[in-house]
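Asks: This is what each chain is made of:
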Amino acid sequence: MFSSNINHYNFLAQFKDGQFGSVYKANFRNSNRNVVIEKILLDQKMEKFDFICKQVLNIRQFKHRNINTIIHCFIHKEYAYLIFPYMCFGNCQILLQNVFTTGFPETLIALIVKDILSALIYIHSHNFVHGAIRAKIILLNSLKASISNFGDYQTFINHGRKSRFLYGSTKGRKQQLNWTAPEVLHQSLCGYSEKIDIYSLGITCCEMANGFQPFKGTELTYMYIEKIRGNLHFLMDKNSIMEEQGSTLFHCHNRKISRDLLVKKTFSDDFYQFVELCLTKSPVSRWTASKLVTHSFLKQCRNTSISENLKDISCDFATSKINKDKSVRTNDVTTNRSCDDIEWSF
Amino acid sequence: MTVTTMEAPVKAAHHHVVGGGGGAQQQEALGEEDPIGDEMTVLLTNKNFHFDTASELDEPFVELKEGHEVDIQPAGGVEFYTEDELLEEQPHPQVTWLNDDEIETLDRVTLDMGNMFFNRVDSQDIIYQQKKKNIKMVGKYIMGDVLGEGSYGKVKEAINSEDLCRLAVKILTKRKLRRIPNGEQNVTREIHLLKQLKHPNVVELMDVLYNDEKQKMYLVMEYCVGGLQEMVDYQPDKRMPLFQAHGYFHQLVDGLEYLHSCRVIHKDIKPGNLLLSLDQTLKISDFGVAEQLDLFAPDDTCTTGQGSPAFQPPEIANGHETFAGFKVDIWSSGVTLYNLATGQYPFEGDNIYRLLENIGRGQWEAPDWLYELDPDFARLILGMLQADPSQRLSLQEIRHDTWFMSAPLVTGPPIPIPPLKGDKYRSSTVVPYLEAYHYGDQDQEDVYFTEHDVNQELARQAQAAASEIRSKQSAAAQAACHTYEPPSTSAAAAAAGASFSGHSLGNGSMEEAPVKKKGSALKRRAKKLTSCISVRKLSHCRTS
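So the protein lines, in turn, are chains S and E. According to full-length UniProt numbering, the first sequence is numbered sequentially starting from 1. According to full-length UniProt numbering, the second sequence is numbered sequentially starting from 1.
Bear in mind the hints are in silico, worked out from the structure with no lab data behind them. Keep in mind it's a predicted model, so treat the numbers as computed, not measured. Errors might be hidden in some of the hints.
Take a look, some chain E residues computed to stay more than 10 Å from chain S by CB distance [as the list claims (entries may be wrong)]:
hint, residue
1, SER161
2, ARG179
3, GLN215
4, GLY305
5, ASN318
6, PHE323
7, GLN391
8, MET405
Here are the simulated lysine-lysine pairs, DSSO-like style, with alpha carbons at most 27 Å apart [as the list claims (entries may be wrong)]:
hint, chain 1, residue 1, chain 2, residue 2
9, S, LYS45, E, LYS198
10, E, LYS174, S, LYS171
11, E, LYS216, S, LYS171
12, S, LYS311, S, LYS281
13, E, LYS154, S, LYS171
Glycine included, each C-beta is placed from N, C-alpha and C at the ideal position.
Kindly produce the complete structure, drawing on both the sequences and the hints.
Replies: See the structure below:
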């Protein structure tokens, strides 16, 4: 249904420009459908090339409502073109930076989390671990939230054998560290499992609720120790002001979030409990994705939808915002180029 | 004037008197040169216990705070990495100035004593302080505990402060390198080689740092959680199941194939140089004696061999002038595989000459029991241990070997990587340092205790043990089936404790006290003491 001819696509705007891949918004003329095209230079180091191929193969395996899969890909000249569905609201990080600067409303978070959990159940049942859940990789359109960016995925199946645990180092995963589960940071022989996605989801919840990522601006080593100790209280609302007057976390961010705003905010007990379950230190007692779906926090999704929560925002918000912020974003891209090359985000 | 002495730990209790005397002399000498004046607080260190080098390995916190570490303390409490070389360089007690914070804490303790001049310090007034895990950084790497020690220096664990990745840092000191034949050459070559190599089965060199001031070199390598030697050593029969050895051998062949394709001959393949990453990937390490053939060399002829004797092929054992390099690695891999799977060596000897003689004598015969174990395996070993290099299998032939291609039956669970200091997951040893750094002194409140406390504890334990023995004896008398024999470790602890208490109380009766059961707990506690501050009396100290 999609053409492999580059001329059938109308390139509308560029989201991101990297050393290897650029991301464009485009229009497929035949069906007048908006798509996102990632253009990757094929003339690359063998390892990088292998990695891209593997990633494409794996993403194409997935077929799920809440996973942003590649719908088509073709090669033209020295570039590979990967075609993704277009998600009109962009990723959650952009929304947090530009619209909901003090965090999403709880209902919207519940809606997003519900979609993400159903995607995670699917991925985990296929013996994959996403490994990099954060607001930046959650894409939104008016109907659903979906996860993208499978650059850090890992699988339990190797050489036809399924292993019980995964092992790996945090080498070269600098940007992800604040969301990473303690057992990954440990890098010890106990390994980790698909529960790391749940932990990252917990941190992502806090990120979406507060409007900024936890541990932002703190030392990495401090973040590591705090996670090991497991004394985490990230959700910030009226109650947390009372409790956490002296906390370092609060001091770090009190410039960002003024007190008045916090006073207006209240999160439900269910939300607190949900986040606590996600951020359980021990991976064994942490809930699985399929169990979390049944949590009462997600009950509030019943009579509402994402479009209802985002109705004030213009539909092509992402494009216009990005174009405005382009100078900022390109700077951002160049500094993080080495790590960000293949991940496209919009 | 408050004088504090830093003392050797209880472990070196027999040095105690000597140390105290030395400390006193030092104090007087110091008084004259003292730049601070009357309100001086001095910390004297006695490094006698450093002669006990073995202790550094299993108790890394024994590394005492050193003078230059304490006073050159940059903001934030991060100390730049210093290593103690006291063993060779500073045989005398060293004088250490405390930094302001430490002086303050001491003053708080001592100010209320009124008596502010030199005092003879009774050993029972000595207060022991637990070693603080001070964070040390080399470049962007935060150092942890010592993982191992070799002739060239230490290997320490570290993490990269930028991405929290675990690493191993090999610390080389120029001074130690000079004592090893070809030491510096070997290291330069190793660095040069490792920089070119990139393969999943070859250990990766991430960074090299130099410190000209301290004449040190740091090789930052990827972290390996354990070695094959360690694993088989931990087993009672010193071997691993055949299927497990098969898996590692596969990876060894992959790695060797890559090395040979890069014209690199390792020359020192042995279980001790084969390390494992967290996901059980084999990593060939230690390229200290490796050689890279010239790009234009017609064949793989080598002239030097410096590897471990037990793994050397006959051509090196016999001292041939030149030999085929690649086949050296094949032979060593053969011996390694044999050793891993059977726990034995194909060649043995009482000393290195006998050993080399045995290796060089001629063709090795596979013992019958090896054929009974697995005939295909025996044939592969035989093929790799051909005395004639031209008859020896090549890597390609090994790849087509029946046993190599087969999948040996999984006969049971694979042998694990042994626990390190009781931690079977081998978690990062940097964490305690980070905790001390980020949470500071809150955790360290309960670290002062006096010799008096220790004595009371000892006496209490002695009593408990005595009553226990009494009850046991009565039980034994009833049962009359066995006699009580104290385990050797707790007996040693008892002896240490007894001499310790005997010294302080001038009371020999303790020596006979049967401290048996809980002695080891005390020993552990005592071992952790590293610095010891002596003041005349402590406010919270109970009187004897």
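Asks: Against this structure, judge whether each hint is valid.
Replies: Evaluated hints:
1. SER161: Non-interface label on SER161/E violated, nearest chain S Cβ at 6 Å vs cutoff 10 Å.
2. ARG179: holds, 35 Å
3. GLN215: Answer for GLN215/E: holds, closest chain S Cβ roughly 29 Å.
4. GLY305: GLY305/E clear of chain S: closest Cβ-Cβ about 34 Å, beyond 10 Å.
5. ASN318: The claim holds: ASN318/E sits with its nearest Cβ about 42 Å from chain S, beyond 10 Å.
6. PHE323: holds, 35 Å
7. GLN391: Holds, since 33 Å exceeds 10 Å.
8. MET405: holds, 15 Å
9. LYS45/S x LYS198/E: holds, 13 Å
10. LYS174/E x LYS171/S: violated, 30 Å
11. LYS216/E x LYS171/S: Answer holds: LYS216/E to LYS171/S is near 26 Å, not above 27 Å.
12. LYS311/S x LYS281/S: Violated, at about 37 Å.
13. LYS154/E x LYS171/S: holds, 24 Å
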